[in-house]
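K.L.:
What follows is the residue order along each chain.
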Amino acid sequence: MAPVKVFGSARSTNVARVLVCLEEVGAEYEVVNIDFQAKEHKSPEHLARNPFGQIPAFQDGDVVLFESRAISKFILRKYKSAEADLLREGDLEEAAMVDVWTEVEAHQYNPALSPVVYECLVYPATRGVPTNQKVVDESLEKLSKVLDVYEARLSKHTYLAGDFVSFADLNHFPFTFYFMATPHALLFDSYPHVKAWWERLMARPSMKKLGASMAAAAGIKA
Amino acid sequence: MEAPVKVFGPLLSPNVTRVILCLEEVGVEYEIVNVDFNTGEHKSPQHLQRNPFGQLPAFQDGELMLFESRAISRHVLRKYKTSEVNLLREDNTSEAALVDVWLDVEAHQYDPAIAPIIYQLILVPMSGGTPDQKLIDESLEKMKKVLDVYEAQLSKHKYLAGDFVSLADLSHLPYTVHFMATPFASVLDSYPSVKAWVHDLLSRPAVQRVISQFPRY
Chain A
1 MAPVKVFGSA RSTNVARVLV CLEEVGAEYE VVNIDFQAKE HKSPEHLARN PFGQIPAFQD
61 GDVVLFESRA ISKFILRKYK SAEADLLREG DLEEAAMVDV WTEVEAHQYN PALSPVVYEC
121 LVYPATRGVP TNQKVVDESL EKLSKVLDVY EARLSKHTYL AGDFVSFADL NHFPFTFYFM
181 ATPHALLFDS YPHVKAWWER LMARPSMKKL GASMAAAAGI KA
Chain B
1001 MEAPVKVFGP LLSPNVTRVI LCLEEVGVEY EIVNVDFNTG EHKSPQHLQR NPFGQLPAFQ
1061 DGELMLFESR AISRHVLRKY KTSEVNLLRE DNTSEAALVD VWLDVEAHQY DPAIAPIIYQ
1121 LILVPMSGGT PDQKLIDESL EKMKKVLDVY EAQLSKHKYL AGDFVSLADL SHLPYTVHFM
1181 ATPFASVLDS YPSVKAWVHD LLSRPAVQRV ISQFPRY
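Protein chains in written order, with the working numbering: chain A, 1 to 222; chain B, 1001 to 1217.
Just so you know, the hints here were simulated from the structure itself, not pulled from any lab data.
It is possible that some hints are incorrect.
[To be verified] Once the Cα atoms are required to be at most 25 Å apart in a straight line, the calculated SDA-like pairs of lysine to any residue come out as:
(1) B/K1079 <-> B/P1010
(2) A/K142 <-> A/P115
(3) B/K1142 <-> A/K5
(4) B/K1142 <-> A/Y123
(5) A/K5 <-> A/S155
(6) B/K1158 <-> A/P51
(7) B/K1081 <-> A/R204
(8) A/K42 <-> B/V1146
(9) A/K134 <-> B/E1090
Model, not experiment: these values are computed from the prediction.
Isolated chain A (complex conformation) (with noise of 0.2 Å):
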C-alpha cells in the first residue's frame, strides 16, 4: 500500500497534529513540504488539495481533505487497531467524552495558549518583529482559567476524555510543545495534574519522535 501524503512543513502545529496520529496508529506516511516563502500554499496544484490554500492537505489514494483535525480523524478511524482505538466509536458514551474534549481544545485551549506560541516562537522567527507583551499576558491570563478547567477534570481521570488516552489528548500536543519552549512554560506547575498529564503524553513514542525532529527544526531546545 503506497505511503499516505501529508502536505506541509512537517514543523507546522496543524501538521505535526496530523502527524501525530499517524504515528499512533503506524501508518507509513510521506511529508511533502509546501514552500511558503515560494508561494506554492496558493498555486493552483494546491489550491485544488485545500482551497483556503491552507496547510495541511492529505492525499490517501482518491481521497483527499484538508483541516487538520478532520484528517486526523480520517486516520484513527481508517488505521484503527485493537492497540490504536483513540476515537472510541464503539461506545457511545466514550465517544461522545472524545469529542467534547476535542471541541474544548480546539475553542477553549488552542485560542488562550497559541497566541503565547506566536508571539515568543513563530513571529520573532519569521517576521522579525518583538513579542507583544500585552498579548501574551492577556493569553496567559485566559489560560489560567482554562487550565483551572483541567486541573479539576484531570483530578478525577487519567485522560481528558476519561481513563483512556484518545484523540482528545492528542490534539494538545504540537501547540502545547512549542509553549514549553517558551518563558511561560512554568506556568504548568501551578496545575500539577496537568503538568502530570502532559509529562505522560511526552513520554508516548509518537510525541518524542515528533517532538525531537519539530525541535530541531525549529532550533529551539525542547
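Based on these hints, arrange chain B on the given structure of chain A.
P.N.:
Chain B only, in chain A's frame:
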C-alpha cells in the same frame, strides 16, 4: 419510556439552535431548560457542573452530561441515527471524512467571518450599543472570500460533503438564519449555488419547526 433529553440554554442562542436542529432532524423528544444569561445563571455553581466553562449549551441524556454544541450534535446524530436520518455517515470512512472537513470549515472559516456581523448588527444594539461599521465591513470582505470557496464546492455538489445532506450543512444554519434577516442577505445574490443551498436547507421540515419559533426582526 425514556425521559426526554434536556438542552440547557435559550433556543435563540446560535450554539443552542445547532443542537435543537439536530434533535428535530432525528425526531427525539427534548426539553429546553432556560439559563438566564442576564442574571449570570451560566456562571452559577449548578450550571458550571454541566459546563465547566460556564457557556451554553449544556445537554443531558440520561446519566450523560455533555457540553460544546458540535460534540452534543454528534452524539445526538450518532445515538438517534435511523436508516432515513444519517447525518454523520460514520458507516462510510470517506463520506464521514468529508462531513468532518466541512464541519471544521464552518467552525474555522465561516463562523469567524459571519459571527462578528451578527454580533454587531443584532446583539450590540440590543444592549444599547452602536454597531462597529469598520468591523462589519472587514467581516463582509472575509465572508465573501469564504463564499467564493463555498460557491465552487456547491456548484459541484448539492451539499457540502457531497450529494447527501449532513451535519456539515446544518451546522451553518444558526448564524445564517440571523444573517438572512439582516440587510446583507443580498450578498448571497452573487453566489447563486450558495443561495440555493441556503434556501434548500431552510425549507427542511425540521428546520422550519425550529425557525418558526424565532421572532421576526
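K.L.:
Against each hint, give a clear statement of whether it holds in the structure.
P.N.:
Right, here's what the structure says about each hint:
1. With a CA separation close to 23 Å, the supplied pair B/K1079 and B/P1010 stays within the 25 Å bound.
2. This hinted pair checks out: A/K142 and A/P115 have alpha carbons roughly 11 Å apart, not beyond 25 Å.
3. The straight-line distance between the Cα atoms of B/K1142 and A/K5 is roughly 30 Å, outside the 25 Å bound, and the hint therefore fails.
4. Between B/K1142 and A/Y123 the alpha-carbon distance is near 23 Å, which keeps this suggested pair within the 25 Å criterion.
5. With a C-alpha separation of about 38 Å, the suggested pairing of A/K5 with A/S155 is violated against the 25 Å cut-off.
6. For a cut-off of 25 Å, the pair hint linking B/K1158 to A/P51 stands: about 18 Å separates their Cα positions.
7. With a C-alpha separation of about 36 Å, the suggested pairing of B/K1081 with A/R204 is violated against the 25 Å cut-off.
8. Between A/K42 and B/V1146, the direct Cα distance comes to roughly 15 Å. Compliance with the 25 Å bound is thereby established for this hinted pair.
9. For the proposed pair A/K134 and B/E1090, the alpha carbon gap of about 44 Å is over 25 Å, so the pair is violated.
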